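Engineer: Chains as they are written, first to last, in this note's numbering: chain L, 2 to 332; chain W, 4 to 344.
By construction, these hints were calculated from the structure, which means they are not laboratory data. Source: prediction; values computed, not measured. Careful, some of the hints might be misleading.
Label pairs and their calculated CB-CB ranges [to be verified]:
hint : chain 1 : residue 1 : chain 2 : residue 2 : range
1    : L       : Val265    : W       : Leu28     : 18 to 24 Å
2    : L       : Arg63     : W       : Ser296    : 45 to 51 Å
3    : L       : Ala83     : W       : Ala299    : 28 to 34 Å
4    : W       : Asp151    : L       : Glu301    : 41 to 47 Å
5    : L       : Val265    : W       : Arg45     : 45 to 51 Å
6    : W       : Arg45     : L       : Gly19     : 35 to 41 Å
7    : L       : Ala143    : W       : Ala299    : 19 to 25 Å
8    : W       : Glu173    : L       : Gln74     : 44 to 50 Å
9    : W       : Gln105    : L       : Pro61     : 56 to 62 Å
10   : W       : Arg326    : L       : His153    : 41 to 47 Å
Coverage of chain W stretches by chain L, computed from C-beta distances (three or more under 8 Å per stretch; other residues unrestricted) [said to hold, decoys possible]:
hint : region
11   : 200-210
12   : 315-325
A short list of chain W residues far from chain L (calculated; beta carbon distances all over 10 Å) [as the list claims (entries may be wrong)]:
hint : residue
13   : Leu84
14   : Gly90
15   : Glu91
16   : Pro98
17   : Arg217
18   : Phe262
19   : Pro278
20   : Leu280
21   : Gly291
22   : Pro300
Ideal Cβ positions, reconstructed from N, Cα and C, are used throughout, including at glycine.
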Amino acid sequence: MPLLSVRDLTVEFPTRRGLLRALDRVSFDIDAGEVLGVVGESGAGKSLTGAAIIGLLEPPGRIAGGEIVLGGQRIDNLHHEAMRHIRGKQIGTIFQDPLTTLNPLYSIGRQLVETMQTHLTLSDAEARRRAIGWLEEVGIPAAAQRIDAYPHEFSGGMRQRVVVALALCAEPRLVIADEPTTALDVSIQAQIITLLKRLTRDHGTAVMLVTHDMGVIAETADRVAVMYAGRVVEIGPVVEVIKHPAHPYTEGLMGSIPSLEHRVERLRQIDGSMPRLNAIPPGCAFNPRCPKVFDRCHGERPELLDAGVTRAACWLHADRAATPAERAAHA
Amino acid sequence: MPEAPLAVQDAANAPMLQASGVTHLFDVSKPWLQRVIAREHRQTLRAVDDVSFAIPRGTTLSLVGESGCGKSTVARLAVGLYAPSAGEIRFEGQPLSSARAQPELRRRMNMIFQDPYASLNPRWRVRDIVAEPIRAFGLVRAQRDIADSVARLLTQVGLAASDGEKYPHEFSGGQRQRISIARALSSEPEFLVCDEPTSALDVSVQAQILNLMRDLQLRLGLTYLFISHNLAVVRHMSDRLGVMYLGRIVEMGSAETIFRAPRHPYTRLLLDAIPDLELIGRSRTPVGGEVPSPIAPPPGCPFHPRCPLANARCRSEKPRHTRDGDVLVACHAVEEGRNTT
C-alpha cells in the first residue's frame with residue numbers, strides 16, 4: 002500500500018465570474034521513502050496540489066472531489082484541529098522562502114523545541130539536545146552556540162537549512178517541499194538538495210518535491226509527475242520521463258530546456274501559452290498547442306494511459322499498453 | 004591594475020562597447036547623525052571592481068554569476084544608468100557620457116529588463132509604450148508612420164499589430180517580454196543590454212524568447228550584453244563569457260572554451276553545481292560556504308575562503324588576469340599550474 006494516495010483530487014475556486022477548476026481529477030501515489038517530483042509551469046497546479054494535501058488551501062479554494070489517503074487514513078475531510086496534528090507530525094513542509102516559514106520573533110532553537118514538543122513527548126532538556134543534534138545534522142556550524150540565534154542572524158542558505166531541520170524534526174513520514182531551492186543561488190541550491198537527499202534517505206522519509214526546475218528533479222526524484230492546466234499529463238520513472246517522454250507536452254518541455262552539455266542553434270519551443278483556468282479547451286487541455294493533435298483530442302479528455310513504462314494522458318497511447326517485459330524491467 | 008587595457012587586445016575589430024578598469028562603489032553608510040553617534044566611518048560597497056571587457060559588433064558577451072556578484076551593476080553602467088567611480092566605458096569609441104548626450108548615439112543603445120510586470124507602464128496602451136522611443140528621438144514624425152512602425156515592431160516580435168490597442172495587463176509574462184523587446188527595438192538600436200531577460204519566465208516561454216532574441220540578432224546584426232545567473236541559458240546565447248565573483252571578472256573568454264575546459268575554480272564550482280538533465284540521479288559533494296559580504300570582502304583572492312586550491316599566496320595577494328589560450332583567468336593556482344588535478 003502506498004504511503005500517500007491521491008485519487009481524482011479536484012479543487013475549485015468559486016469566483017464572481019463562475020467556478021474555476023484549478024485541479025481536475027489529479028491522481029498519484031507516493032511510496033514510503035520515495036521521492037516524487039512534481040513539475041510544471043506557473044499555474045499548472047503543482048503548489049496547489051501540495052496545499053490541498055496538507056489542508057492549507059487558501060479560501061475560497063476548496064476540495065470539490067476525490068480523496069487523499071495518508072497511511073491508510075483519509076485526510077481530506079478531517080476537521081481543522083485534527084489536520085493540525087497531521088501537519089508536522091505526519092507531513093513536514095518546506096517552502097520556497099525560509100523567511101516566511103520561520104517566525105522572526107523566536108530563536109530557531111525555540112521553534113525547533115516547540116515543534117518537537119507539540120508532536121513528540123519530550124522533556125525540555127531532551128528536546129533541546131535533539132534540536133542541537135538536528136542543527137548539526139543540517140550543517141549549521143557551532144550549533145550549540147547558534148541555537149539561540151534568531152532567523153535574521155542567518156544567511157538565506159543557512160535559514161533554508163534550519164527550515165529543513167524544522168520540517169524533519171518531528172520525524173514525519175512525508176515531506177512536501179514546494180520550490181525549496183528556487184530562492185537560492187546555484188551553489189547553495191546544490192548544498193540544500195544534497196542535504197535533503199541525504200536526510201530523507203537516512204530517515205526513510207518520502208518526499209513530494211514540487212519545482213519548475215527539471216534539473217533539480219533529474220537529480221533528486223525517483224519518479225516524476227508532469228502537470229499541465231491542473232491535470233497530471235504524465236507520470237513515471239524519472240529517467241524514462243526525461244529521456245523518452247510519452248506526452249507531447251513533456252517532450253516539448255524537455256526540448257525547451259537549454260543544456261550545458263551541448264549547444265543547439267535553436268531551442269525547441271512550444272508555441273502559445275498555457276490556457277487560463279476559465280478558458281481550458283474541451284478534450285485534452287494541451288490540444289491547441291500540440292503538434293500531434295488529431296480529432297479525438299478535441300472531443301474527449303484522455304485519462305492516464307499506459308505508454309510503455311510511463312503513463313501519459315494522451316490519446317496517442319490509446320492502443321499501446323506496456324508489454325510485460327517492459328514493466329518487469331522497471332518494476 | 005592591468006598593465007594595458009586587456010580588452011583592447013581581445014577585440015579583432017573596433018568593439019561596440021569597451022570597458023576598461025571600471026569600478027563602481029555604492030555608499031552604504033548609515034545616516035550622518037547615526038554615524039556620528041556610533042562613531043562609525045563611511046562604508047562603501049565595491050559592487051564592481053576593476054572590470055574590463057570589450058564587445059565586438061554583432062556578438063554577445065554574457066556575464067554570469069550568483070546574486071550580489073555585480074553583474075546587474077555592470078549592465079546599468081553599460082547603458083549609463085550609473086556613472087563609474089573609476090575607469091572608463093566607451094561606446095563606438097566615444098566616452099559613454101558624451102555618447103549619451105548625442106541623441107544619434109544614444110538611440111543606438113537600449114535595455115531589456117528582467118521583470119516584464121514592472122517594466123511596462125500599466126496605464127499606457129501597448130502602442131504608446133512601443134512608440135515612446137520613436138517619439139522621444141523624433142525618428143518618425145507623422146502619426147500614421149508611427150502607427151506603421153509600431154505595427155511592424157509588434158509583428159517582428161511575434162505579436163499581432165492589433166495588440167497595440169491593449170494594455171499590458173491583458174498579456175502573459177512571455178508576451179509582455181515580447182512587448183519589452185519591441186520597445187527596445189523601436190529606436191533602431193544596435194546594442195542591447197539584457198538584464199536577466201528570461202529569469203521571470205517559464206522554460207517553454209523562455210525558449211520562445213531566447214529563440215526570438217537570436218533571430219533578431221541575426222536579422223538586425225544586434226550586439227548583446229547578456230546578464231544571467233543561468234549558465235545553460237548563457238551557453239545557448241553567448242559568443243564570449245565573463246564569470247563574475249564579488250565584483251570581479253574571474254574568468255573571461257570564448258564561451259565554447261570556458262564550457263569545454265573551465266579553468267578558474269569558481270567557474271568549475273558553478274558548472275558542477277548546476278543540476279542538469281544529462282546527470283540523472285548523480286550524487287556529488289557540493290562546495291561548501293557562501294558568497295562573502297561585498298562590504299568586507301576577504302583579502303587576496305575574494306574566492307579563497309571557498310576555494311579547494313587556496314594557499315598562503317591566495318590569502319594575501321589579489322590575482323591578476325593571465326592569458327591562457329583565448330581565456331583570461333584571475334587565479335594564482337591556474338597561473339602556477341596547481342589546478343591540474
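Engineer: Can the suggested window of 41 to 47 Å be confirmed for the beta-carbon pair Asp151/W and Glu301/L?
Structural biologist: For Glu301/L against Asp151/W, whose Cβ atoms are near 46 Å apart, the range 41 to 47 Å holds.
Engineer: Is 35 to 41 Å right for how far apart the beta carbons of Arg45/W and Gly19/L are?
Structural biologist: violated, 59 Å
Engineer: For Pro278/W, is the shortest CB-to-CB distance to chain L above 10 Å, so the non-interface label stands?
Structural biologist: Its Cβ does come within 10 Å of chain L, the nearest being 3 Å, so this is violated.
Engineer: Given the range 28 to 34 Å, decide if the beta-carbon distance of Ala83/L to Ala299/W lies inside it.
Structural biologist: violated, 51 Å
Engineer: Would you assess whether Leu280/W, listed as outside the interface, keeps its beta-carbon beyond 10 Å of every beta-carbon in chain L?
Structural biologist: The claim breaks: Leu280/W does not keep its Cβ more than 10 Å from every Cβ of chain L (closest is about 5 Å).
Engineer: At a Cβ distance under 8 Å, does chain L reach at least three residues of the region 200-210 of chain W?
Structural biologist: Answer holds; 6 residues pass the 8 Å Cβ test.
Engineer: Check the following: the C-beta atoms of Glu173/W and Gln74/L are separated by a distance inside 44 to 50 Å.
Structural biologist: Since Glu173/W and Gln74/L have Cβ atoms about 46 Å apart, the given range 44 to 50 Å holds.
Engineer: Over 10 Å from every CB of chain L: does Pro300/W meet that, or does the non-interface label fail?
Structural biologist: With a cut-off of 10 Å, Pro300/W remains clear of chain L, as the shortest Cβ separation is near 16 Å.
Engineer: Can we confirm that no CB of chain L comes within 10 Å of the CB of Arg217/W?
Structural biologist: Incorrect as stated: the minimum Cβ-Cβ distance to chain L is 7 Å, not above 10 Å.
Engineer: Test the statement that Pro98/W is away from the interface with chain L: the closest C-beta pair must be farther apart than 10 Å.
Structural biologist: Per Cβ check, Pro98/W is outside 10 Å of chain L; nearest 34 Å; holds.
Engineer: Just to be sure I understand the hint, the distance between the Cβ atoms of Arg63/L and Ser296/W should be within 45 to 51 Å; is that true here?
Structural biologist: Holds - the Cβ-Cβ distance for Arg63/L and Ser296/W, about 46 Å, lies within 45 to 51 Å.
Engineer: With 41 to 47 Å as the target window, see if Arg326/W and His153/L comply at their CB atoms.
Structural biologist: For Arg326/W and His153/L the Cβ distance comes to about 44 Å; the hint holds.
Of the numbered hints given earlier, the model fails hints 1, 3, 6, 12, 17, 18, 19, 20 and 21; all others are met.
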